[in-house]
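Asker: These protein sequences, in sequence, are chains A and B.
For what it's worth, the working numbering labels the leading residue of the first sequence as 1, then goes sequentially.
For what it's worth, the working numbering labels the leading residue of the second sequence as 1001, then goes sequentially.
Just so you know, not all the hints are guaranteed correct.
[As the list claims (entries may be wrong)] The list that follows gives simulated cross-link-like pairs (lysine to aspartate or glutamate, EDC-like), each with its CA atoms no further than 16 Å apart:
id, chain 1, residue 1, chain 2, residue 2
1, A, K251, B, E1069
2, A, K230, A, D38
3, A, K432, A, D345
4, A, K172, A, D36
5, B, K1012, A, D38
6, B, K1003, A, D376
7, B, K1003, A, D36
8, B, K1012, A, E40
It should be emphasised that the hints constitute simulated quantities derived from the structure, not laboratory data.
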Amino acid sequence: MPFTDQEILETVRMFELETFDIRTTTLGINLLDCADPDLESSAEKVYAKIVHHGRNLVAVADSIEADFGVPIINKRVATTPIALVAAASGSEDLVPFARAMDAAAAEIGIDYIGGFTAYVHKGFTRADEALLNSIPAAMAETQRVCSSVSLATTKAGINMDAVAKFSEAVLKTAHLTASEGALGCAKLVCFSNPVEDNPFIAGAHIGIGEGETVLNVGVSGPGVVRSALKRLGEEESLLAVAETIKRTAFKITRMGELVGREAARRLGTVFGIVDVSLAPTPAVGDSVADILELIGVEVTGAPGTTAALALLTDAVKKGGAMASSSVGGLSGAFIPVSEDQGMIDAVACGALSLAKLEAMTTVCSVGLDMVAVPGDTSAAVISGIIADEMAIGMVNQKTTAVRLIPVPGKGPGETHDWGGLLGTAIVQDPGKFGCDVLWRRGGRIPAPLQSYRN
Amino acid sequence: MTKRFLTADDVKRLGGSEIQVESGTIVTPQAAEVAAAAGIRLIGASGPYVPPIPDRGPDAARAQDVLPEPISTDGIGLVVTVVGRNRAGVLAEVTSALAQAECDVRDISQRTVGAHFHMVLTCAVGPGREFSSIKDALQCLGGEGDYVVRVMHEKVFRFMHRV
C-alpha cells in the first residue's frame, strides 16, 4: 500500500521542523581480552582494539545519514568497565588507560567514549579503588573519556564508603578542572542499578554479559512529542495525552530500530538495543520541560510536575515497547537541567528546586543530571545528595544516576555557561544543613526487602 | 586459541628478523613501530601482515540474522518532497531529473497555496541504481528563493507508518 501524503508530510515535518534525530549510535566494545600484567601493554591493547573495531563507526553513521536522511548526531564508543581490564596490571595509577581511550577516540573521530568505570556497589577490588583514585586526573587530563561508577543496586544495597570516595572524586575533579567551570564533572556520573547497554554518555559502558561488540542506539525526539501535544490542545483528557505521546514514541523508536539494524549490519556487528529516552538539547523546542508544561503544569517544578513526568515516561516506554523488541538502556525521559532550555528557565524563575528535582527523579529514567551546586559544597553534603538518589533507585528497583557539578567560585543562583550540548547551569542551593554523622559512619546500607525475589 | 594481540613488549621479547603473526591477531601500532625500527618483518598467513577484519567472535553469525521488516510497499524506492515558490516548469525539472536517474514515478500529488506549492512523489528506483547519487542529483535542483527538494529512502516511511 503506498503512503498517503499525510504520512509522508508528517515524517518530513519531524525531521525538518521538530528537531527529530537519532541522538547516538554507540558501539560497545568488550575489552576484557586487553588485560595484561604489564600496564603499558594493556593500555596499548585497549587503544588497538578500540581503533580496530571503531574505525568505521563514523563513516557508517554518515552513510546511513546520507541514505535515509535521518540525522545521527553523535557517534560514540562504550567499553567494558576499565577496572576489570586493569585488574591484572596491579597498577595504582590507571590514567594511562584513560589516555589510551582518549587517543583511540580521537583516532576514530568521535567526541566521547564511555567506560572508565568501576562496579563497587558492594565492595572494592584493588583495581576498583585504583580507578576511583585515578578519576580526577583522568577527567582533567583527557577530553573525551567519560567515567561512571556503580555505587548501589537493589540486590546489594548502597556502598556508603564508595559514595564518600566518589564524592571526593567529584570535588577533586572540579578542583582540577576549575578553569573550565568544573567541566570534568560533566563527564563523571554515579549509578544505582546501572544498565549494561546504556548508549548515552556519560554513563555509557557495556556489561560483561555482552558479546565482543554490539551496536546500541539512543533516539531523541522531545521536539516531536512537544509538537504533537501542541496540536492536541488543552481540552483533551490525560488519557488522550498519554495516547498521543505513546503513538509519537512508537514512530520515533521505529527510526531507532531502522538505524540500529542498518548500522549494525554495515559494521558487521549485532544490533543491541534502542534506548527510547527523550533526550533534550539546549536547542529551542527540544525540551522535556516544555512537554511537562504542555501536559498542564504552569512551570516545570510546580505542583503536578512529578505526575506529568510519570505520565510522560510511562507513555514513552509503552510506545517504545510496541515499536522494538529490543528496548533497553535507560528508556524514559532525561531531565538534564543545564541541557534543557525549559529546565534552565524553570530554575531561573525559582520554580524548580533541588528538592523537586529529586522528587521528579523517582519517575524519570535517570536522576539528578547536570545539576550545578556551589563550588564550596562539602564532601559530606555531596555524599548525602548522592546517597538519597541511590536510595530512590535501590528501593524502587530502577536506575538512578547523579551527575553533580560543583562549580568553583560560584554560589546559589549564579550562572555558568559551558556552551555546546552541555548548556547553561544555574547553581542550585543544597540548603544549609549537613549530614556529617551519616557520612562519617561509612559502611553499607543493606539491600532492601525488595531485593528478595527468588 | 589465537593470540589476540601482538604488543611492543612481545616484539622486543621475540626479536629475530621476522615474526609470524597468526591470522586474527591484532598488531598494536606501538608493536608495528618497534618492529619497523628494529627491522623486524611481521609476516601473516600469506605474505606481509594485514590487520584482520573486525568480527564479532564466536557469535559473529548473529550479525547475519535478518529480522522481519514491515510489509513491502510495492517497489517504492524513494520519496521525494518538494516545497517552494510556484512557477512554470518545476514539475518538469523534478521529473526529468528522476527520468535521468531511471526512477519510475509511481504516485504524485501537488498542491498550490497562494504563490507556493508542495509536491510529493513516490518513485521506484531502477535496478543497480545507487540511492545516494540519485539523492545528490535531485537535491541540486531549485535553490534559495526557488524550491527545496528532499529525498528520503522509503524504508524510513515503511518503518514509521507500517507494522
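Asker: When the structure is checked against the list of hints, which entries are broken? Sort them ascending.
Answerer: Violated hints (numbers, rising): 2, 3, 4, 6; every other hint is consistent with the structure.
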